[in-house]
Amino acid sequence: MTPGPRFSTMEIHRSASRATGTRFPSTTAVTLDAPPATVPVLRAARLAPMHRGFFENRRGKSLYHALHGDRPAPDEVWIFCPALLEEATFALRPSVQLAEAFAQDGATVLRFDYEGQGESEGDARRLGVSDWADDVTSAIDWVRQRFGAHVRVNLLALRAGALVAAEAALRGTSPVHRLVLLAPVLDGAKHFDECLRAHLTTQLACFNKVNEPRAVLKEQLQRGQFVSVLGHDVGQALAASLAGARLRPLLADFRGETDVVHLARAAGREVTAALADLHGLPRVHLHAGPPVTFWDQSGRYWELTADLSTQVRQLAAREVPPREGA
Amino acid sequence: MIAERPFELAGPDRLVRRGMLGLPAGAVDTAVLFLPSGLKYRAGSHRLNVRFARRLNDLGYATLRFDPAGLGESDGHLSAARAEDIASQIEGGLYIGDIRLAVDALRAQSGARRVVVVGLCGGAISAVLAAAAATDAVQGVISMGLPVVPFLPVESGAVPQARVARRRVGNYVRKLISTEAWGRVLRGESDFRGIGRNLRGAFAQNRAVVSSLETFRPDENPRFIGSFRTLEAARIPHLMIFGSSDNRWIEFESTFLVRELSGSMAQGSYAIELVPHGSHEFHFESSKVQAVELLEHWMNTRFPPMAPMTRTQEASHDAR
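From first to last, the protein sequence lines stand for chains L and Y. Using my numbering, the first residue of the first sequence is number 1, and each one after it goes up by one. Using my numbering, the first residue of the second sequence is number 1, and each one after it goes up by one.
Take the hints with a grain of salt, since some may be wrong.
[What the hints assert, rightly or not] Some chain Y residues close to chain L (C-beta under 7 Å, calculated; not the full set):
| hint | residue |
| --- | --- |
| 1 | 6 |
| 2 | 40 |
| 3 | 77 |
| 4 | 254 |
| 5 | 256 |
| 6 | 284 |
[What the hints assert, rightly or not] What follows is a list of derived Cβ distance ranges for each label pair:
| hint | chain 1 | residue 1 | chain 2 | residue 2 | range |
| --- | --- | --- | --- | --- | --- |
| 7 | L | 175 | Y | 297 | 26 to 34 Å |
| 8 | Y | 111 | L | 51 | 48 to 56 Å |
| 9 | Y | 196 | L | 194 | 26 to 34 Å |
| 10 | L | 71 | Y | 293 | 47 to 55 Å |
| 11 | Y | 267 | L | 123 | 49 to 57 Å |
| 12 | L | 197 | Y | 55 | 43 to 51 Å |
| 13 | Y | 59 | L | 194 | 33 to 41 Å |
| 14 | Y | 276 | L | 210 | 50 to 58 Å |
| 15 | Y | 10 | L | 145 | 48 to 56 Å |
| 16 | Y | 25 | L | 145 | 28 to 36 Å |
| 17 | L | 146 | Y | 59 | 31 to 39 Å |
| 18 | Y | 263 | L | 123 | 38 to 46 Å |
| 19 | L | 325 | Y | 108 | 18 to 26 Å |
| 20 | Y | 104 | L | 56 | 31 to 39 Å |
Since the hints were made in silico from the structure, they are not lab data. The C-beta atom is built at its ideal place from N, Cα and C for all residues, glycine as well.
Can you build the whole structure from these sequences, using the hints too?
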């Protein structure tokens, strides 16, 4: 019998509510309003020291990284796999804050940029999902070189980074213990279509009309030309790899536990539909997160919110069984 | 391999600001400080700062991509607020002190004699304000997509400049065929007050251009105007780059360029360059290439890099 979806939405919400005093929606869809019209205040919050630098991936490119946590010999390390393209730019600050929160709980976290993204070396135009999954493997190797081969590695990924992380967990040469996926992209093809829509919007802004509709952009990619997605030039390598990327089969074959957190501006009843593609998968746990997005130009400024931080840290602290076959 | 290294700087408040320092091979005469655009981090929109900085490193300039407190990887926490409220704070000079700290540290760590500050959007206005507050420390400014008209708080009831408002209303009309846009309307997610302001602005009479330099109007940022004049008085070179399709350009052209600069694209120490069909963040590759060329040409002209090193100098540099 196929197991039914395992939602722990309200449990998570209740426990987060206890921790933060935040009231969560129960069963109805709710939209969180923009923050109040107040004068923003810069508070003197200090981050714990982070060790930053570059390590080399298997293609010889320098990847930027930051290591959070002060344990000299951790048993477990979380590697954060960022979103792709401009979503990673918007999400940088909340990712730093989440890594900091993990470190305050005693965890060790490695954040890094894929080749050709963020502050890493390289040109993203000829790279795709499998190249960046290979970068995740390089990050795992770097962690094990630094802390020892015994270290258990978990991946926490955002948006399309979930496809990258799941591919690395499934096909990479270094074992991954478990996955936590925030607002994951379930269907790479749909996601890339959204990326092309951003191109159309930019055309409208620049030329007051669409000179190159989506079909033309796809032809350009197939001819080996590059297309701008919110300023990031991408090529056929990314288009083709996203077109064939779906999260469900990757998670179905992954032998470890996966927690998936749905995030959107409106939370509540749409969760079931939003994550429908992942229903029925063994070892996959679906959760509704608070109504917050921080990876796009929403016109609202979101740092990492306390409720999301609490929820993700609770998931990370959850005891999970060892990987099947490990 | 990348010739960059992490940079840290503790302010008098003991908060650590972080960045990425790029040093070219050889002695450095000019260093360039890159600021984040608005609320993004030091890599810049679609890593524009990374691209610019690495190109300048190749040409012999030192660079620092810098996160002021509360942004990127730096200490400090900005409380949750509307983007427009935070933008107002930035346009009011929130990061002037942090930029001065970074300028001094960059000069000390690179050995450069001169420092140029570069920014886009919120980074551009921060660069102008900070340079004007430190004319002894900053020798040049490059501002891209410079916002001279402040964010209009909803509470003010003010309407945007007519040409900008009409352009926005045109965008609304185009969105009438979008199911996604209608979905946002039906879910109550659209910025109805903003739409209302733009409609009022679009159909209002254009306000008369007044030549008085003493009178500031709601669509002018007085801190910018004072700072611009200070840079001119101190003869600090200032390159302004706009995309011709950027609303910031339309605002700049309709207000400041007409009223204060008599429409002149270059005069005194400033120069204004346009990237044809460029967006606010220079999204298309052709726009980026043109922006890089403009920046490079201006740097070469105003702040020529030192002559390439001899082999002996290189060996001495490597030994440092």
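Quick rundown of the hints versus the structure:
1. 6: With Cβ-Cβ at 4 Å, under 7 Å, it holds.
2. 40: 5 Å, holds
3. 77: The hint holds - residue 77 (chain Y) has a Cβ within 7 Å of chain L, the shortest such distance being about 4 Å.
4. 254: Status violated, d = 18 Å.
5. 256: The hint is violated - residue 256 (chain Y) has no Cβ within 7 Å of chain L, the shortest such distance being about 22 Å.
6. 284: At about 5 Å, which falls below the 7 Å cut-off, the nearest Cβ of chain L leaves the hint on residue 284 (chain Y) intact, so it holds.
7. L:175 - Y:297: 26 to 34 Å: For residue 175 (chain L) and residue 297 (chain Y) the Cβ distance comes to about 52 Å; the hint is violated.
8. Y:111 - L:51: 48 to 56 Å: This hint is violated: roughly 26 Å between Cβ atoms.
9. Y:196 - L:194: 26 to 34 Å: 29 Å, holds
10. L:71 - Y:293: 47 to 55 Å: Given a distance of about 48 Å, which is inside 47 to 55 Å, the answer is holds.
11. Y:267 - L:123: 49 to 57 Å: Violated, since residue 267 (chain Y) and residue 123 (chain L) (Cβ atoms, about 39 Å apart) do not stay within the stated range.
12. L:197 - Y:55: 43 to 51 Å: 30 Å, violated
13. Y:59 - L:194: 33 to 41 Å: Once the Cβ atoms are compared, 37 Å apart, the range 33 to 41 Å for residue 194 (chain L) and residue 59 (chain Y) holds.
14. Y:276 - L:210: 50 to 58 Å: 18 Å, violated
15. Y:10 - L:145: 48 to 56 Å: About 31 Å separates the Cβ atoms of residue 10 (chain Y) and residue 145 (chain L), which means 48 to 56 Å is violated.
16. Y:25 - L:145: 28 to 36 Å: 29 Å, holds
17. L:146 - Y:59: 31 to 39 Å: 35 Å, holds
18. Y:263 - L:123: 38 to 46 Å: Once the Cβ atoms are compared, 41 Å apart, the range 38 to 46 Å for residue 123 (chain L) and residue 263 (chain Y) holds.
19. L:325 - Y:108: 18 to 26 Å: 56 Å, violated
20. Y:104 - L:56: 31 to 39 Å: 33 Å Cβ-Cβ, so the 31 to 39 Å window holds.
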